[in-house]
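Chains as they are written, first to last, in this note's numbering: chain A, 6 to 150; chain B, 178 to 334; chain C, 6 to 117.
The hints are simulated quantities; they were obtained by calculation from the structure and are not laboratory data.
Keep in mind that this is a model prediction, so the values were computed, not measured.
Hints may be right or wrong, so weigh each one.
Under the rule of at most 25 Å between Cα atoms (straight-line distance), these lysine to aspartate or glutamate pairs were calculated in the DMTMM-like manner [stated by the list, open to error]:
(1) C:103 x C:40
(2) A:69 x B:205
(3) A:14 x A:63
(4) A:66 x A:146
(5) A:149 x A:70
(6) B:237 x B:256
(7) C:68 x B:242
(8) A:149 x C:111
(9) A:149 x C:108
(10) B:237 x C:72
(11) C:31 x A:146
(12) B:232 x B:242
(13) A:145 x C:72
(14) C:103 x A:147
(15) B:232 x B:309
(16) A:69 x B:318
(17) B:232 x B:204
(18) C:103 x A:146
(19) A:145 x C:108
(20) C:103 x A:63
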Amino acid sequence: MKGMTIIVKKTTQLIAGMIFMYGIYVIVHGHLTPGGGFAGGVVIAGSFILVTLANGGDFMKLLKEESGTTIVESLATILVIVIAVSGFLFGTKIFFNNFLPKGIVGHLVSAGVLPLYNIFVGTEVAASIFIIFLSLIIFKEESKG
Amino acid sequence: MNPLIPLFVVIPLAGAFLIMIIGRFIEEFNKYFTSLVLLFLTCISFYFLFTTGEKIFVYKVGGWEPINSVPIGIYMVMDGFTVIVVCIINLIGFLSAFYSISYIKRYTAGNYFYALFCLMIGGMNGVVLSGDLFNIFVFLEISVISSYALVAFGVEK
Amino acid sequence: MIAYIMCFMLFLVGLYGVITRRNLVKIAVSLSIMEISTFLFFALVGYIDGGVAPIVDPADPAKVYVDPLPQALVLTAIVIGLATTAMLMAVIIRLYRKYGTFDIREIKNLRG
């Protein structure tokens, strides 16, 4: 697919980094402020889609990006299940147990395993939405050429 | 608090995403892994069939105990009717996966087929095992969306 | 009470869009509006008079919080609605590739 004009390219070079940092902020502060895994993952996927739309890319590069993103998504889901099962192994026999020490209310590093769940779920949601976007573009490219 | 009950949902879910990763590097991995996973689940369901008489097994996910006798948290319930349906689902899933070892050679995307099949079996197990209405909705949506993709499946070689 | 009637009116707006529009993409957007009206209704059911948003601030503890359980259920349902809309979009692109138009009245007549 063709890229866009030079004004759009320069603007996305300035802004895409800030959108990515805002998405990471929403994910990591999921146990203190509203947001968490899903909403932050969608914001991060938005920054990736912005960069792909502005710069374009030919068919082979999009296929390679899609295969790499599928591996990242599957890896993040397996890590969520590994954390859930490791609650089973550490002491009491319960899945999804909160086994790390809970700290003081209101600090960033607190509430046990919840920030870890937020990070991995956010990565997985971002990868999923980026794969949906890439599949639709690859589908369109196949029919044209 | 029988710890074998959530295995019906967790093992197909983990298996589907393991197939997507390892199936890219090893060729024959996805077929035999799916059959092994479903054989294991069938054995666990027959174990429950022979030990569940009149008892009701309840599993509280996360260990949240009821406060003021109001239950909070997700409950998974296995009683007499549930164990029959779980046996039927896992037995027929195992027979289908075993038959498809030779049938899938006609199609090109074997990885996707086995991952969607494992997700659908995990979703259906979750529908019959869940203890409140909202989890029935969530697992129903998981199994139904996987079956949409399986109905439209197939680029023949 | 008036808030629940407004949610129902939003549902009727979405239903009008599904019935009378000819373009397939507009039908998909109206279906999404119907889903959003049910999410809004579900989150409004958990309102308690005089409650604040259910976020604990250790410097200023409030007495009454709004019920957070319907909000968690709506968060899950939003993600499921996203997956359904993505599948609908894939079907629409496939239809455009085969028939060459987005108009449902012409697609009904062609029967290719």
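Self-check item: Violated hints, by number in ascending order, as checked against the structure
Solution: The structure conflicts with hints 1, 13, 16 and 17, although it agrees with all the remaining ones.
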